Amino acid sequence: MERIAKSTIMDANGIRRILTRIAHEIIEKNKGTKDVVLIGIRRRGVTLAKRLQQLICEFEGVKLPMGILDITLYRDDLRTIDVQPVVQETAVPFSVQGKQVILVDDVLFTGRTARAALDATMDLGRPQRIQLAVLIDRGHRELPIRADYVGKNLPTSRRESVSVCLREADDSEEVVLMDKPGCLISWNCPLNVLQQDD
Amino acid sequence: MLWLKNAEVVDPAQDLLALSDILVKDGKILEISAFFSEETVRSRAGGEEIKIIDGRGRLLFPGLIDVHTHLREPGQEEKEDIASGAQAAVRGGFTSILAMANTKPVVDRRALVEFVIAQAKRAGLARVYPVAAVTKGMNGQELTEMIDLAQGGAVGFSDDGRGIQSAEVMRLALEYAKLTGLPLISHCEDDDLAGGGIVHKGLASARLGLKGIPSCSESIMVARDLMLAEETGGSLHLAHISCKQSVDLIRQAKQKGLNVTAEVNPHHLIFCDENITLTATSFKVNPPLRTADDREALLEALLDGTIDMLATDHAPHTWEEKTRPFAEAPFGINGLETSLAAVWQYLVTTGKLPVRRLTEAWSLAPARRFNLAGGSLKPGQAADMVLFDPDCSATIKAEDLASKSQNTPFLNQEFKGFPVMTWVGGCLVSQLTEKSGIMA
Amino acid sequence: MIWKRKHILDIESLSREEISHILHTAKPMKEVLLRPLKKLPTLRGKSVLHLFYEASTRTRTSFETAGKILGADTGSIAVAQSSVSKGESLLDTAKTLAAMQVDLVVIRHTSAGAAAFLSEHLKIGIINAGDGQHAHPTQALLDMFTLQENLGDLAGKKIVIVGDILHSRVARSNVCGLTKMGAEVTLVGPPTLLPPELKVLGARLSHVLDTELPGADAVMALRLQLERQQSGLFPSLREYSRLYGLSGQRLEKTGKKTLVLHPGPMNRGVEITSELANSHYAKIEEQVTNGVAVRMALIYLLVGGTNNVMA
Chain A
6 MERIAKSTIM DANGIRRILT RIAHEIIEKN KGTKDVVLIG IRRRGVTLAK
56 RLQQLICEFE GVKLPMGILD ITLYRDDLRT IDVQPVVQET AVPFSVQGKQ
106 VILVDDVLFT GRTARAALDA TMDLGRPQRI QLAVLIDRGH RELPIRADYV
156 GKNLPTSRRE SVSVCLREAD DSEEVVLMDK PGCLISWNCP LNVLQQDD
Chain B
4 MLWLKNAEVV DPAQDLLALS DILVKDGKIL EISAFFSEET VRSRAGGEEI
54 KIIDGRGRLL FPGLIDVHTH LREPGQEEKE DIASGAQAAV RGGFTSILAM
104 ANTKPVVDRR ALVEFVIAQA KRAGLARVYP VAAVTKGMNG QELTEMIDLA
154 QGGAVGFSDD GRGIQSAEVM RLALEYAKLT GLPLISHCED DDLAGGGIVH
204 KGLASARLGL KGIPSCSESI MVARDLMLAE ETGGSLHLAH ISCKQSVDLI
254 RQAKQKGLNV TAEVNPHHLI FCDENITLTA TSFKVNPPLR TADDREALLE
304 ALLDGTIDML ATDHAPHTWE EKTRPFAEAP FGINGLETSL AAVWQYLVTT
354 GKLPVRRLTE AWSLAPARRF NLAGGSLKPG QAADMVLFDP DCSATIKAED
404 LASKSQNTPF LNQEFKGFPV MTWVGGCLVS QLTEKSGIMA
Chain C
11 MIWKRKHILD IESLSREEIS HILHTAKPMK EVLLRPLKKL PTLRGKSVLH
61 LFYEASTRTR TSFETAGKIL GADTGSIAVA QSSVSKGESL LDTAKTLAAM
111 QVDLVVIRHT SAGAAAFLSE HLKIGIINAG DGQHAHPTQA LLDMFTLQEN
161 LGDLAGKKIV IVGDILHSRV ARSNVCGLTK MGAEVTLVGP PTLLPPELKV
211 LGARLSHVLD TELPGADAVM ALRLQLERQQ SGLFPSLREY SRLYGLSGQR
261 LEKTGKKTLV LHPGPMNRGV EITSELANSH YAKIEEQVTN GVAVRMALIY
311 LLVGGTNNVM A
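Residue numbers (this note's numbering), protein chains in the order written: chain A, 6 to 203; chain B, 4 to 443; chain C, 11 to 321.
Keep in mind that the hints were calculated from the coordinates and are not lab data. Where hints are given, some of them may not hold.
Quick list of simulated restraints, FRET-style, between CB atoms [claimed, not checked]:
| hint | chain 1 | residue 1 | chain 2 | residue 2 | range |
| --- | --- | --- | --- | --- | --- |
| 1 | C | L47 | A | K34 | 21 to 31 Å |
| 2 | C | L47 | A | C62 | 48 to 58 Å |
| 3 | C | K14 | A | G144 | 51 to 61 Å |
| 4 | C | G162 | A | N18 | 35 to 45 Å |
| 5 | C | P201 | A | A174 | 48 to 58 Å |
| 6 | A | E147 | C | K14 | 24 to 34 Å |
| 7 | A | S12 | C | I12 | 31 to 41 Å |
| 8 | B | R165 | C | H290 | 32 to 42 Å |
Remember, predicted model here, so these are calculated numbers, not experimental data. In this text, a Cβ means the ideal position worked out from N, Cα and C, and glycines have one as well.
In isolation and in its complexed conformation, chain A is listed as follows (with noise of 0.2 Å):
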């Protein structure tokens, strides 16, 4: 599918700052950075997720747990998307069990991603509460689902698609706003790209 680039809506600096701030208002909310741990959502979640835990380990010296969380198996979608997503890897290496997780995930679209997670996370154990920490917030949510840490309300159409580039898994680090031309959910429109839409 053909896909137009239209504004950038955030280069590298403003990922930074951003990120900062979110580190900052983690450390707030939770009074410190007592039981909280990360968890990154496949697969740029992942990254952001490793960012905070090193920005708040130079703010608090303190390094959090950090765990990787795969959504496939939870995805309620599997019987209506064309391509079978991969099944990656799910990498918490530590008990939830009474923790402050923090997902952590790039866009906040419909709500079903983070739906997901939010089962998933809970069949690893019994967290005391979970938050949810995105880079945009894109707005069309589907279920009744906010996030407690928003990088940049970004309003958009449904036909557009949001895309966030971290230099640690692509060629920049910005996020762009793109054109999906003639079409609102293509389903032929790589998984990758679902998911960061997502």
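Using the hints, position chains B and C against chain A.
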């Protein structure tokens, strides 16, 4: 009277392979010549109505004789009966067929031989000759009443379907059958060596994980039977030879001048074990499809006369029986309607088998060996004939087959070259029509 | 890789990429399996039926566990209690199950090709859980998974499979898979159980175990069916064990830390000594765990998407 004009007549008995006209009167070949004038024909007809068929572009063979068919009647009429088998035969170009004795009950008494003949008369298509069992109930132990069976109309003896395991029983049978002058048809298979196998023991059995049937399970019995034929002076015909080792033994035996003939099935000349897949039960046959080397050795033997004749081993089985996992499906390939077209396609048009040799091996040699009508188009002979159109194309379709079963590996294949008209005793018993795809 | 396959019938038909994809998917499945709460919503509303024409505890239980963890409904048909014993044909039995809207049939059958047969006649997905002496693809995949976990990339690894190769669907599928992944496989057994035509499988054949052990990264012992002795295929357990039985002492000949695998159930003291089976070299229980993970991966791949879901 029938005046068949301008056909390429293939008749090895007269050493004939030429464009000819042929006159048929009173069910017999009257005369054959390069050309008849209308005057001549009219005078030969003697006032009888003259039916003219233009055979231009087609070949005329003496009716094919298949010495190895299983017609399943009595007892397993859901697979085939004598009438459906006879119809399948004439559609496939066969004017005479030998029906094997492994029915239920086994044809081991004169009454059953006569039953087969009576049913064939009722069907009125091909000539059906019963082969009677060698041993009672085909149990491999006590000999049947061979004289009575021969007098009832049996043309040979065989326990085909299973090998006679006891060498002593085989020796006695060869001795005793001498009284009848009829050949003993041996199904060469050592049960211990075959050991419940499914496919040829070799690369295919290893690949598919199916129990193998080694070549020696056949060749050991071929060797045994040849030695017994030599010792007894009995008349021996070896059914469905499938491997090179057997061919070598037969070749040696023939050099010694033994009274032995052998047949090969078209599927053993066309396919080999590499063709088998686990779900293609139509390839499951006994003896099994062997290696490509065996296939070449068999063809060579057919060409040099070591193997005397072609035979279909027509073995009909129902769809239900063949629609099972490979190991559980019965052995056998349905052959009467497809074999001539298949041999033509795979062996004649590819230049591997001359048409003269095909006719000799599928008509003249069987007629001679089993002392049957037909086998040639010599004047005075019964007019058993097949008109073959090498340009006729058709796809083998299950619904078009006259046989009650469709267990052929050729299903849904398109062939070019089909028998288009078949006469038995001067009577037109089968004719291809446009509509049915194959034949009416 | 985009998964397109609807059936797992044998290893032969799988590409190297497909095998890698299965093993890759088995990894997260193993993580789930090792959780205290092992239950996923993934295949909620899907049903997997196990049609077993041959006695089996471990394979059937393994499949059932795998299906249940993924959230599918699972059921089993053991032949003795079913209408199969009333003479119903395999095709009719399977059609009946398909008519009940089952999504996946896992079949074990005594006849080679039974799974392939069903795949040709039914629209639903089929997994071969062992067909006669032909194939046992899920066992081979779990063996490969176990080897890969312990050895890393299988390319160039030396694997010895010893025992009754002729009658072993496990060996057949393993040779096929391991060679596809680049391993060097040697089959070892007495000539009666390792006839020369088995070279078609693509492995080296040998009749002497001791000369094949040096350098081996893994040795897989196969179960010896004791009734083969009555068929004359080997003279006695004593002699068999002397020539082809695995022991700690014998394993030292490899000159390295060699893994020992066995598909089970074991005849302790025949193809493997008890002492070796209990040692840390033996990965036999790990194989069982991995079996569930690999089967979870397969069930997910076959029914956890749209492509492979039938209308």
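Would you say the C-beta atoms of C:L47 and A:C62 sit inside 48 to 58 Å of each other? 30 Å, violated
A:G144 and C:K14 - C-beta distance against the hinted 51 to 61 Å: With Cβ atoms ~36 Å apart, the hint is violated.
Verify the CB-CB distance for A:E147 and C:K14 against the hinted window 24 to 34 Å. 30 Å, holds
Should the hint that C:P201 and A:A174 are 48 to 58 Å apart at their CB atoms be regarded as holding? 56 Å, holds
Taking the CB of B:R165 and the CB of C:H290, does the distance hold inside 32 to 42 Å? At roughly 56 Å between Cβ atoms, C:H290 and B:R165 fall outside 32 to 42 Å, so the hint is violated.
Between C:G162 and A:N18, does the beta-carbon spacing fit 35 to 45 Å? 41 Å, holds
Within 31 to 41 Å: is that where the Cβ-Cβ distance between A:S12 and C:I12 falls? Holds, at about 32 Å.
In this structure, is the beta-carbon distance linking C:L47 and A:K34 contained in 21 to 31 Å? 28 Å, holds
In summary, the structure is inconsistent with hints 2, 3, 8 from the numbered list given earlier, while agreeing with the others.
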